[in-house]
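Let the hints inform the model, and build the full structure from the sequences given.
Number of protein chains: 2
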Amino acid sequence: MGYEVASLAKLIEQFERMPSIGHKTAQRLAFYVLDMSEEQAKGFAKAILDAHEKIHRCAVCCNLSEDELCPICSKTDRDMSVVCVVEDPRDVIAIERTREFNGTYHVLNGVISPLNGIGPEELTIKELIARMGDGQIKEVIMATNPTVEGEATAMYVSRLLKPLGVATTRLAYGVPVGADLEYADEVTLLRALEGRQTI
Amino acid sequence: MGYEVASLAKLIEQFERMPSIGHKTAQRLAFYVLDMSEEQAKGFAKAILDAHEKIHRCAVCCNLSEDELCPICSKTDRDMSVVCVVEDPRDVIAIERTREFNGTYHVLNGVISPLNGIGPEELTIKELIARMGDGQIKEVIMATNPTVEGEATAMYVSRLLKPLGVATTRLAYGVPVGADLEYADEVTLLRALEGRQTI
Chain A
1 MGYEVASLAK LIEQFERMPS IGHKTAQRLA FYVLDMSEEQ AKGFAKAILD AHEKIHRCAV
61 CCNLSEDELC PICSKTDRDM SVVCVVEDPR DVIAIERTRE FNGTYHVLNG VISPLNGIGP
121 EELTIKELIA RMGDGQIKEV IMATNPTVEG EATAMYVSRL LKPLGVATTR LAYGVPVGAD
181 LEYADEVTLL RALEGRQTI
Chain B
1001 MGYEVASLAK LIEQFERMPS IGHKTAQRLA FYVLDMSEEQ AKGFAKAILD AHEKIHRCAV
1061 CCNLSEDELC PICSKTDRDM SVVCVVEDPR DVIAIERTRE FNGTYHVLNG VISPLNGIGP
1121 EELTIKELIA RMGDGQIKEV IMATNPTVEG EATAMYVSRL LKPLGVATTR LAYGVPVGAD
1181 LEYADEVTLL RALEGRQTI
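Taken in sequence, the protein lines are chains A and B.
Those letters in the first sequence? Residues 1 to 199, per my numbering, in order.
Those letters in the second sequence? Residues 1001 to 1199, per my numbering, in order.
By construction, these hints were calculated from the structure, which means they are not laboratory data.
Check before you lean on any hint, since a few could be wrong.
[What the hints assert, rightly or not] What follows is a list of derived Cβ distance ranges for each label pair:
#: 1; chain 1: A; residue 1: H23; chain 2: B; residue 2: K1075; range: 21 to 31 Å
#: 2; chain 1: B; residue 1: M1080; chain 2: A; residue 2: H23; range: 24 to 34 Å
#: 3; chain 1: A; residue 1: H56; chain 2: B; residue 2: K1126; range: 52 to 62 Å
#: 4; chain 1: B; residue 1: P1019; chain 2: A; residue 2: D67; range: 32 to 42 Å
#: 5; chain 1: A; residue 1: R97; chain 2: B; residue 2: R1196; range: 55 to 65 Å
#: 6; chain 1: B; residue 1: A1179; chain 2: A; residue 2: A179; range: 34 to 44 Å
#: 7; chain 1: B; residue 1: A1009; chain 2: A; residue 2: P114; range: 46 to 56 Å
[To be verified] Which residues of chain B face chain A? A few of them, derived with a C-beta cut under 7 Å, are:
#: 8; residue: E1004
#: 9; residue: L1008
#: 10; residue: M1018
#: 11; residue: P1019
#: 12; residue: R1028
#: 13; residue: H1052
#: 14; residue: L1064
#: 15; residue: E1066
#: 16; residue: P1071
#: 17; residue: C1073
C-beta atoms are modelled at their ideal positions from N, C-alpha and C, and glycine is treated no differently.
Shown next, in the form of structure tokens:
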């Protein structure tokens, strides 16, 4: 193309690398950044660097945190005897949105996936086992994703926890609320039937 | 929400302000930035600041440029006697994509829009008139958007240019290539009929 402004092209390229951003959107975002005021652009750049510098893993649950303990682990009103094990910090946000769960979390930081070369030692499983040490934890809820890898990881972790005398549970499978039975897949429907409850 | 990491929330907010980015996408982008390496994050922040610092307006055509003259105005093989007037730098990219136009551009930096408080003096119209000074320019192609404002701006500019003895033309209206006549709107079809050409 005859038209090439190097630093604009570079910015577009940066946005283009991001997930779910195509070339047109990257271009729109780059022009949005150009239209920003000097301060706004500096604020944006600072937010990126800040997030990178300040955020690390919570010493207890391995969730994202700016301090040594994440906001949830440092709260005294949370039920420390229940730990919900999730794959990713985003899953913590999702479960917190229910506003009903009052226990704590443990972020595995992935799932066991031999195809991608991720074994149990890549995850924060030893940190989870270490938390069982003082006998304060009574129940571990496995809330990994309902996928083959998530399932396998849940099985693996629960087998490690069993000898420690901790009850391990798994999120219920079934039809999602608001869905149409007609469009539910066979496996989900089968799990919903198997897990039927008296009303 | 119980879960709040300040610098992450700030980064999500920054992305959320951008056009066509909703909360979910903003969250995904912020996590993508967190997953970047130290260098990548610095590179991204630098690209934002660089674009802001280095890019300004070309002294001739008011297009975006890092140097005094934009890549198009500084090229000697472009036809300096034809100027294509567009609203926005993005329109230059669009027309350059045709690979057929070999003239130069003039970026108005908007359109006359009394509703939004944008008058002719907010645009780069005086810079365009100044370019007519040396009599080198023979034709001005008005390529503002085919909207009410774009149309009015094209009319306004062409009326200013007429006394200067410069031929002004307007992009042809008609049915877009590959479209279905059935779905073309009446106004476009009418314009296509009016502008019909012998084959």
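So, going through the hints one by one against the coordinates:
Remark: the range hint 21 to 31 Å for H23 (chain A) to K1075 (chain B) is upheld by a beta-carbon distance near 24 Å. Between M1080 (chain B) and H23 (chain A) the beta carbon distance is about 31 Å. The supplied range of 24 to 34 Å therefore holds. The hint said 52 to 62 Å for the Cβ distance between H56 (chain A) and K1126 (chain B), and at roughly 55 Å that hint holds. Remark: the range hint 32 to 42 Å for P1019 (chain B) to D67 (chain A) is upheld by a beta-carbon distance near 34 Å.
Restraint check, R97 (chain A) to R1196 (chain B): a C-beta distance of roughly 59 Å satisfies the suggested window 55 to 65 Å. A C-beta distance of roughly 38 Å is found between A1179 (chain B) and A179 (chain A), which places it inside the suggested range of 34 to 44 Å. At roughly 35 Å, the beta carbons of A1009 (chain B) and P114 (chain A) sit outside the given window of 46 to 56 Å. Interface hint at E1004 (chain B): satisfied, since its Cβ lies 6 Å from the closest Cβ of chain A, which is below the 7 Å cut-off.
Proximity of L1008 (chain B) to chain A holds as hinted, the smallest CB-CB distance being about 6 Å (cut-off 7 Å). The interface hint given for M1018 (chain B) holds, since its Cβ lies 5 Å from the closest Cβ of chain A, which is under the 7 Å cut-off. A least Cβ separation of about 6 Å between P1019 (chain B) and chain A falls short of the 7 Å threshold, and the interface hint therefore holds. With a cut of 7 Å, the hint placing R1028 (chain B) at the interface with chain A holds, because the nearest CB-to-CB distance is about 6 Å.
Checking H1052 (chain B) against chain A: minimum C-beta separation of about 4 Å stays under 7 Å; hint holds. A hinted interface residue such as L1064 (chain B) counts as satisfied when its beta carbon comes closer than 7 Å to some beta carbon of chain A; here the least separation is about 5 Å, so the hint holds. The beta carbon of E1066 (chain B) comes within 6 Å of a beta carbon in chain A, closer than 7 Å, and the hint placing it at the interface holds. Annotation: interface hint on P1071 (chain B) holds; nearest CB of chain A at approximately 6 Å, less than 7 Å.
Here the hint on C1073 (chain B) is broken, as its CB sits about 11 Å from the closest CB of chain A, past 7 Å.
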